[in-house]
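Given next are the chains, with one letter for each unit.
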Amino acid sequence: MTKILFSDKLDKCVERWKSAGFTVIGPVQRANISTYAAVEHAAELEFGHVLPDRSIKDLFFPQSEPMLRYTIKKESIDTSECLPPSGPRIIFGARPCDASGMAIDDPLFGWDYKDEYWFQRRNESVIVTIACTKSDDFCMCTSLKMSPDSTKGSDILLRPLENNKGWQVEELTGRGREAFKTIADILQESSEQVAPLAIVEKKFDLDACVAWLQNPEHFESRFWKEISMRCIGCASCTYLCPTCHCFDIQDEGDTYTGIRRKNWDSCSFALFTMHTSGHNPRSTQSARWRQRIMHKFNYFPGKFSVNSCSGCGRCSRQCPVDMGITETLQEISKLSQ
Amino acid sequence: MTENIHNTQQNIYKPAIMKIVGRHDEAPGVKTMRLEFQDATDHQFFKETFRTGMFGLYGVYGEGESTFCVASPETRKDYIECTFRQSGRVTSALANADIGDLITFRGPYGNRFPIEEFHGKNLLFISGGIALPPTRSVIWSCLDQREKFGKVTIVYGARTVADLVYKHELEEWQERSDVDLVLTVDPGGESPDWKNRIGFVPTVLEEAAPSPDNCIAIICGPPIMIKFTLISLKKLGFDESNVYTTLENRMKCGLGKCGRCNVGSIYVCKEGPVFTAAEVSRMPAADL
Amino acid sequence: MSIEKQYRTRAKELLSGGAVKMVIGYGKGTTANRRRPLFISSPDDVERLLLDDACITNLSGYLVSEGLLSDEKRVAVFLRPEGIRAINVLAAESQLDADQIVIFGFDVDGNEVKALKGIHVEEFSDVIGSSKEGAPEAIEEALFERIEKMSPQERFSFWQEEFAKCIKCYACRQACPMCYCRRCIVDSNQPQWVNTSSHSLGNFEWNIVRAFHLSGRCVECGNCDRACPVNIPLRLINHRMAEEVLGAFDHFAGMSKTQEPVLASFKKDDSETFIL
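Line order of the protein sequences matches chains A, B and C.
Under my numbering, think of the first position of the first sequence as 1, with each following residue one higher.
Under my numbering, think of the first position of the second sequence as 338, with each following residue one higher.
Under my numbering, think of the first position of the third sequence as 626, with each following residue one higher.
So that you can see chain A by itself, here it is in the shape it has in the complex:
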């Protein structure tokens, strides 16, 4: 006997959560794209995708975020903080790869200096993850030693039932338990068969890749140019990635008042590391692609003991020229043989 949330009761849960003060956010299909947005009713939620086009990263680290408002006066300057809107949120229907992505970025945003914008949102969000029963050719969670039912970063894990009528509930954290207390009477004790998990083939040998990357002799290998010849240097992969976190700081305003914003930026852009002097340490696309791979699988784990990748595969799925992390790591796996 386990706790089951039947999908025909989901709308009641949404109502209950809303009355308890939560904003309910979930996967929706809007304007020809699947993304996460706040909903009023369960009917708006769309669970049919392998995973939505956009990740939940947008909910914690939006593409453009006001940080400070400044007002320049005669004898002084006033700076006020523009913190994110406060209020608890339930993100219902995250994927394990998205939820783990957020947990991966926690140590970065808290590295000595605590980024309030990230943590306020993290602390106010309950992540309810639905395990995957479907996968596609681009999923690679298992290659990153995760799985279609990873619990990393989630507060609740829901396992879809075989009859497709709902989900089996696994409460993982105190925050999750608190949120599900509000719907305790809607959940039912039942013995339902859980659907089998998606099968995701391992695509590369992660340990061999990391070892290859850590070897300083490979930094200037010809491999980097060969593998990245078709990369066009856009930011599709980095922006859709749940763990990519690079950003720019921009002021927008007039002479007297304005807003200092944090905007997404990407190491794939040619001008990302350009010095004012004109010197650019990463002046070729191959150097920039190398940085991306090294950062995710060498530098980040070196500092935070976890690879900066959750295996969602969006980079490969969306790349305009069919590149992505998978191919590079598959080739490196071969090289390490």
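Listed next, the in silico DSBU-like pairs over lysine-lysine satisfying Cα-Cα at most 30 Å (straight line):
#	chain 1	residue 1	chain 2	residue 2
1	B	K356	A	K114
2	A	K145	C	K653
3	B	K351	A	K74
4	A	K18	C	K790
5	C	K653	C	K739
6	C	K790	C	K774
7	A	K303	B	K564
8	B	K571	B	K532
9	B	K414	A	K74
10	A	K225	C	K646
11	A	K114	B	K414
12	A	K152	A	K3
13	C	K790	A	K134
14	B	K351	A	K303
15	C	K653	A	K202
16	A	K73	B	K414
Pulled from the structure, derived: some chain A residues nowhere near chain C, Cβ distances all over 12 Å:
#	residue
17	T2
18	S80
19	P85
20	I186
Note that these hints are calculated values from the structure, not bench results.
Small disclaimer: the values here were computed from a predicted structure and weren't measured.
Beta carbons are placed, not taken as given, at the ideal position from N, Cα and C, and that holds for glycine.
Following the hints, put chains B and C in place on chain A, whose structure we already have.
Then chains B and C, alone, in the frame of chain A:
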């Protein structure tokens, strides 16, 4: 490497407001500003945390922020001095600011020169052109406690006489009997009444031939100068772990999150900007 | 012999003989229906080249990647009619020397691939002429019609909703052969002409500026539309601008390598009384 003293301010992106209390033209396009904190808490924090070698992000609201070192020493924390070349949007806005204007400062960030480990040792400072400011911070931090250190030698050069920065302080150092200043300009950069050396910094360094015994070398300069100076220092018998330098890279956040300033796995803003030459030699040269 | 085999043989000849240093074509992608850009420098690798109706991406943009053509050697490239027009536009704008480009022309009719005869861009004027005659195939024909029937306010709301998705990844720009500026207008910060933030204003500014910068230059290859990770129907905007330019100036981008850019040339008998 020395531990990172990190800031515990409320909002990590919120800058301190500084008033420009002094301005000085050092060289064509190069200015020094002296700044005073407008908020006592911000100033207190700076006094508690600033050590020589650390840097800050100096900005003008509406234009942006730019990264330079703190050019004033850790022995004089009533103000901040910075020296910069006007080269882009933010530095132009800073260059056009007047005495009395308010600008922003975020910091101090980064690691520092562990000068207490240099007590009792001889110091060799080598710098070129507009890279004197970070060195100058260390020089004054040591000269303000002169008795703690051995021999102090400063080798400094610029392309031309006009490009030398801190000209008045160079005169001061030249006059001091407890400092050996070796001043040079590139061949062709001398003025008719130039009485000091003529030659590139690494060449002049080899001519001066300071002894590596019990000596710490501190180099700040453009990458090409550092490269050749390191070769000269090796020739003179210096060990890489006794040679300190600073790296710079394009920065935006200054605190390790925006993912921009790394050289290989090392983030210049968090694990630098101060490095030993040994550490720099372990970094991938192709990422510099 | 299939077109694919013919072109592989041709590629092998050109590479072994040293006539070209590289062949840019299509290869197997991650899934059965994907093709990825392929760069072949050795005659032994020509078997990796594929040619079928899944070969859609316009590869001409790679020709202006930094340094590729600076050694004055020739490069062969698989191009559809839009890609061939792109060569003309790039040549007319002095971005490449058309003599360095050896064209493996092809077009797709239904599922069938047919070869287009010719080596250098001058030999394809018939093909380009018929492109101008025929209606350019709009991938989202129905959507285009729907928008045309909307009132200005409805159109504005439509685009507002679409641009709200924009994340400023610049995939549209990077995928476009005509967006070759080393420093794009959005990268300029003295002054900051276009907001870099992806809020409503920033997104509108970017997409509209790009549409204007492409007017009279866009060959409607659809690279931008396919590249956009958030499915904004960019091609429709560029199609509309192309229609306007055709109507107002009888200008069809990519007719020849000496065609003057429509928005950057002035003639005394222009219908406008001023330079705009």
